[in-house]
Amino acid sequence: MSEPLLAIDNLRTEFHSDDGSVAAVQHLSLALAPGETLGIVGESGCGKSVTALSIMRLLPRNAGITQGRICIDGRDLSTLTEAEMRKVRGNEIGMIFQEPMTSLNPVLTIGRQLAEATMLHRGWSRREADKRALEMLNLVRIPDAERRLKEYPHQLSGGMRQRVMIAIALSCEPRVLIADEPTTALDVTIQAQILSLISELQRKLGTAVLLITHDLGVVAQTCSRVIVMYAGRKVEEATTVDLFANPLHPYTRGLLGSVPHLSNGTVPMDARLTEIPGIVPAPGQIVQGCAFASRCTLATDRCRAEEPPLVEHTPGHFAACWAVAA
Amino acid sequence: MYAYVGRRVLGTLPVILVIALVIFLILHLSGGDPAAIIAGDHATDEDIKAIRDKLGLDRPLAEQFLTWLWNVVQGDFGISIFNRVPVGTLILQRVEPTLMLTLTVIVFSIILALPMGIAAAWYAGTWIDRALMALAVLSFSLPVFVIGYGLVYAFSLQVPILPVQGYRSLADGIGPFARHMVLPTISLGLVYTALLARMTRSSFLEVLSQDYIRSARAKGMASFQLITIHALKNASVPIVTTIGSGIAVLIGGVVVTESVFAIPGIGRLTVDALLRSDFPVIQGVILVFSFFYVILNLAIDLLYTVLDPRIRY
Chain A
193 MSEPLLAIDN
203 LRTEFHSDDG
213 SVAAVQHLSL
223 ALAPGETLGI
233 VGESGCGKSV
243 TALSIMRLLP
253 RNAGITQGRI
263 CIDGRDLSTL
273 TEAEMRKVRG
283 NEIGMIFQEP
293 MTSLNPVLTI
303 GRQLAEATML
313 HRGWSRREAD
323 KRALEMLNLV
333 RIPDAERRLK
343 EYPHQLSGGM
353 RQRVMIAIAL
363 SCEPRVLIAD
373 EPTTALDVTI
383 QAQILSLISE
393 LQRKLGTAVL
403 LITHDLGVVA
413 QTCSRVIVMY
423 AGRKVEEATT
433 VDLFANPLHP
443 YTRGLLGSVP
453 HLSNGTVPMD
463 ARLTEIPGIV
473 PAPGQIVQGC
483 AFASRCTLAT
493 DRCRAEEPPL
503 VEHTPGHFAA
513 CWAVAA
Chain B
44 MYAYVGRRVL
54 GTLPVILVIA
64 LVIFLILHLS
74 GGDPAAIIAG
84 DHATDEDIKA
94 IRDKLGLDRP
104 LAEQFLTWLW
114 NVVQGDFGIS
124 IFNRVPVGTL
134 ILQRVEPTLM
144 LTLTVIVFSI
154 ILALPMGIAA
164 AWYAGTWIDR
174 ALMALAVLSF
184 SLPVFVIGYG
194 LVYAFSLQVP
204 ILPVQGYRSL
214 ADGIGPFARH
224 MVLPTISLGL
234 VYTALLARMT
244 RSSFLEVLSQ
254 DYIRSARAKG
264 MASFQLITIH
274 ALKNASVPIV
284 TTIGSGIAVL
294 IGGVVVTESV
304 FAIPGIGRLT
314 VDALLRSDFP
324 VIQGVILVFS
334 FFYVILNLAI
344 DLLYTVLDPR
354 IRY
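For the protein sequence lines, the chains are A and B, in the order given. Per our numbering, the first sequence runs over residues 193 to 518. Per our numbering, the second sequence runs over residues 44 to 356.
The following block holds chain A by itself, in its conformation from the complex (with noise of 0.2 angstroms):
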């Protein structure tokens, strides 16, 4: 692998409350490579958004980062000033939301919000900045642009809102392109084109892609490498082929068992999807041992005991579980 350009060492970050602090990601680490995308996967709860938000800096203001590194490029972001760190944001890294519907500001129009981007950054006027607009609005095949530019966000679907949320998060052409939960909040047809919208505009522009998703289908559908968070922790890392073709964590089983598979194109009658038993455990419930393990049809009493740690099982192929070790 080349050097990386998103670099995640050893992150911890915690929520405060007074009730004590409560860590949403522990010992997280990864790397992007440019004009990778690589996918990180979990439930709801898991640390993924929390991981992306890490990372632009734009946590809560009860949350913070209280251990390890990220760097984009080798600078340290955590040493960057607010206002330098402005500068990073929607300009190196752009980012895009779950929720298209609300991820746009309702009063101000799509122009104008697609040109703020360029307009900070580039410190373009508004009419060189609208003409990238447009020119981005084309990119992400919204028809009739020019016209929609004019219009405000409740005029358009869904799916053209996240069009827009991609051409604003594309339009200064960040190295890193942090996609959270890009498609969940979309129609099935449409996510479809949204992905590979994002594909192709990867391959295009060279974009680095984090894609956040709970959703396995669209891991195997985008993604090169794909991280497994479970409870604010890596559970298993692998490339997307090596993951879906050899799982090693039991949790990772459980999710790939409990998506429906399609052989010959005709859905077996007497196939029963699996499900994980129970749930995950609550933020600040302190765990002893793997955290998985409650759930876990493997688990032993050196689970429930000790934490098992990330273990390279095969190249390239890293899982955090005793039952594999063995």
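Incorrect hints may have been included.
Said to hold, decoys possible - Interface residues of chain A toward chain B, partial, derived using beta-carbon atoms under 7 angstroms:
1. M248
2. R249
3. R281
4. E291
5. P298
6. V299
7. G303
8. L312
9. H346
10. S349
11. Q480
What the hints assert, rightly or not - Heads up, incomplete: computed chain A residues facing chain B, CB under 7 angstroms, no partners named:
12. L250
13. N297
14. A309
15. Q383
Just so you know, these hints were derived from the structure itself, not from any lab. Virtual Cβ for every residue (Gly too), placed ideally from N, Cα, C.
Assemble chain B onto chain A, guided by the hints.
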């Protein structure tokens, strides 16, 4: 758009009609013979009969109302019982100080309340927020006359830099006008400022937690632009609504403030008319206030469509 404006304007007509009816009925609902009330305590039976004939008080109520309404539409609010001057003329003479006081209070309050409310929301939960909101509760709780007399004591008597009372028209120059307006504006404006600041805070708190604010931050937007461009316009609908409905609070306060500072405005006219049971004047003043209030709220309704493109009626 024009059709919408037309519909809204037409929509206020029934409201104005109902207001007019209620105002008309004040005289008749106050109990007793309207003619006797108008004539006063020392009137003879002949006086009362003369008034009854002159004002047509022996006619059916509906006919009286229509006659009164027709006169009002033509700008004839009747004649003051006390000094025999047409009510319209009395109101016109007094309208400037009241209008000016209302305007200065609105401007003063907005300039003060918006930054207060925004700062409180931005620093929500911190001592800045708590201090600002404590200040707002305090100024909301103090009656206008307490603030007024307190200010007069401090800035006119102890440190005599401002006049105790009175009013100078803008026509006499901006200096004297401003000097006379400072204390009344602060006295009346603090209540309104507190109301607006609290509304601004809660409106901003809600807007600042929205997804699009996060999107704007993710774009690399600085706080100042975030507040002025992305948040303010979104937060403005409830704030503007409060500015409008708060005028009702102001009108009550204007009456008191004008009494405290001896400002010859409509507030004073109202108090004097009430003390003298000068019914035509009372009716005229209430009618003008109500009409002003209805028009103002119509203007605010129309303003919504400018502030929020999603609002189309």
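- Go through the numbered hints given earlier and state which of them the structure violates, listing their numbers in rising order. 2, 7, 10, 11 and 15
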